[in-house]
Amino acid sequence: MSLSRAFFAIIRRDLVLALRRRSEVANPLLFFVLVITLFPLGIGAQPKLLQAIAPGIIWVSALLAAMLSLDSLFRSDFDDGSLEQILLSPHPASVLILGKIIAHWLVTGLPLLIVAPLLAVFLGMPTHSLGILLLTLLLGTPVLSLIGAIGVALTVGLRRGGMILSLLVLPLYVPVLIFASNAVEMASSGLPVSAQINILISILFMALVLAPWPTAAALKMSIN
Amino acid sequence: MEIKPGYRLEGDDLSCIRDDRVLFEELAFELVPGQVLLLEGKNGSGKTSLLRILCGFREPDTGQVYWCGDAINDSQYYADMAYVGHLDGVKKELTVLENLKVSLALGRPGQYSIQQALNKVHLVNYEDVLVQALSAGQKRRLSLARLLITQNIVWILDEPFTSLDKQGIMLIESLMSEHCAKGGMIVLTSHHDIDLHGVDVQRINLP
Chain A
-5 MSLSRAFFAI
5 IRRDLVLALR
15 RRSEVANPLL
25 FFVLVITLFP
35 LGIGAQPKLL
45 QAIAPGIIWV
55 SALLAAMLSL
65 DSLFRSDFDD
75 GSLEQILLSP
85 HPASVLILGK
95 IIAHWLVTGL
105 PLLIVAPLLA
115 VFLGMPTHSL
125 GILLLTLLLG
135 TPVLSLIGAI
145 GVALTVGLRR
155 GGMILSLLVL
165 PLYVPVLIFA
175 SNAVEMASSG
185 LPVSAQINIL
195 ISILFMALVL
205 APWPTAAALK
215 MSIN
Chain B
65 MEIKPGYRLE
75 GDDLSCIRDD
85 RVLFEELAFE
95 LVPGQVLLLE
105 GKNGSGKTSL
115 LRILCGFREP
125 DTGQVYWCGD
135 AINDSQYYAD
145 MAYVGHLDGV
155 KKELTVLENL
165 KVSLALGRPG
175 QYSIQQALNK
185 VHLVNYEDVL
195 VQALSAGQKR
205 RLSLARLLIT
215 QNIVWILDEP
225 FTSLDKQGIM
235 LIESLMSEHC
245 AKGGMIVLTS
255 HHDIDLHGVD
265 VQRINLP
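Protein chains in written order, with our numbering: chain A, -5 to 218; chain B, 65 to 271.
Wrong hints could be hidden among the right ones.
As a list, the in silico DSS-like pairs of lysine-lysine whose alpha-carbon atoms are at most 27 Å apart [stated by the list, open to error]:
#, chain 1, residue 1, chain 2, residue 2
1, B, 203, B, 246
2, B, 230, B, 203
3, B, 203, A, 214
4, B, 184, B, 106
5, B, 230, B, 246
6, B, 246, B, 184
7, B, 184, B, 165
8, B, 156, A, 214
9, A, 214, B, 184
DEER-style ranges, computed between Cβ atoms [said to hold, decoys possible]:
#, chain 1, residue 1, chain 2, residue 2, range
10, A, 32, B, 199, 42 to 48 Å
11, A, 164, B, 150, 34 to 40 Å
12, B, 183, A, 108, 41 to 47 Å
13, A, 196, B, 96, 21 to 27 Å
14, B, 256, A, 9, 35 to 41 Å
15, A, 189, B, 191, 29 to 35 Å
16, B, 161, A, 121, 44 to 50 Å
17, A, 17, B, 191, 23 to 29 Å
18, B, 175, A, 6, 38 to 44 Å
19, A, -2, B, 269, 41 to 47 Å
20, B, 139, A, 104, 57 to 63 Å
21, A, 211, B, 257, 55 to 61 Å
22, B, 139, A, 211, 15 to 21 Å
23, A, 9, B, 191, 16 to 22 Å
Honestly, the hints are just simulated from the structure, not real lab data.
Nothing here was measured: the structure is a model prediction, and the numbers come from that model.
Backbone N, C-alpha and C fix where the C-beta goes; we use that ideal spot for every residue, glycine too.
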């Protein structure tokens, strides 16, 4: 019995599932694109202002898109009993759950990285800060999935957990939002950003190590 | 593959309280290889709650469940048990084969290959069919096939005969007899009378 085989089987399973229910995957991405394209329309012809708030717009939209996608993380597994089977596996539940979170990020977080440069140009962000924007998204969006997983695990057993979920999870997203959007802003004005990036890296590693464990524990409570 | 004797599933002084209502208390049992434990009782008497306690999903309000003398959370129990609940635990967007492959990866390979297990539950030629296209009875047989492909000693079955036809019920009964003959143990709830020849069946009647 091999743990890595089980880990990759879970990732593969969730990716195949995502491929077969594309609308669920496309929804957060579409939301991300729509929110960002609405800002220039709302603000009007003020390119300077738009350029100044672009990092914030992109990161707040990414945060909300991540929130929107969270419910799909455990919902269907909870409803059809697959979650019980995963938790009953002799393998450590936290590792299998980490597999699920990684698959979820690949499906909902990674696509944001692909469209973000396009939207950044659209908002008039200077091209030399695009690299830093991508880097913050690469480091930050996995944290959103990891922290969000704890919140979903706690609320998946409730019939209407959506409201509580946002109240639980959004405050925990704030550090990522602050450091990431600040880094992009600094990069736009040509200042060094290594401090913010290092903090984001440490947040990512801390979430990677610490989040799966309470998530698994919370899921065990939820299926009770 | 014979299961070695010496395994033992015990419940000691178990009780379950739900919403200030005592479902059962001071419940004790001991199950040894080759035995079946049948839980009987009317709806809402706590059969499923007891099964979920035996799965470790729920903590008993008093008492403890032991596997080979150790509390289940401190033992090898989860490597030795398999559970089929009233939810099938299969993904409807995956094919029959994909579902079983995931189950196999989550456990240890057991006595039958996936092909042999599908043969046993009469689902040959359904390998590449999406589960959402299966009937309720076929889904049930698929979730029971999981018991055959992974290595396990204790089967915990919540109403395994739901939505099965006569042949299906006879099929599952024969699989259960076979499992017990090899030294396995089964805990189940059922509204049907079960007909297991030569198997030692203990009954617990929940009031």
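Against the structure, the hints come out as follows:
no., hint, in the structure
1, 203/B - 246/B, "26 Å, holds"
2, 230/B - 203/B, "16 Å, holds"
3, 203/B - 214/A, "25 Å, holds"
4, 184/B - 106/B, "32 Å, violated"
5, 230/B - 246/B, "25 Å, holds"
6, 246/B - 184/B, "16 Å, holds"
7, 184/B - 165/B, "17 Å, holds"
8, 156/B - 214/A, "23 Å, holds"
9, 214/A - 184/B, "33 Å, violated"
10, 32/A - 199/B: 42 to 48 Å, "47 Å, holds"
11, 164/A - 150/B: 34 to 40 Å, "36 Å, holds"
12, 183/B - 108/A: 41 to 47 Å, "45 Å, holds"
13, 196/A - 96/B: 21 to 27 Å, "53 Å, violated"
14, 256/B - 9/A: 35 to 41 Å, "40 Å, holds"
15, 189/A - 191/B: 29 to 35 Å, "55 Å, violated"
16, 161/B - 121/A: 44 to 50 Å, "48 Å, holds"
17, 17/A - 191/B: 23 to 29 Å, "27 Å, holds"
18, 175/B - 6/A: 38 to 44 Å, "25 Å, violated"
19, -2/A - 269/B: 41 to 47 Å, "46 Å, holds"
20, 139/B - 104/A: 57 to 63 Å, "40 Å, violated"
21, 211/A - 257/B: 55 to 61 Å, "40 Å, violated"
22, 139/B - 211/A: 15 to 21 Å, "19 Å, holds"
23, 9/A - 191/B: 16 to 22 Å, "20 Å, holds"
The structure fails hints 4, 9, 13, 15, 18, 20 and 21 (numbered hints given earlier, in ascending order).
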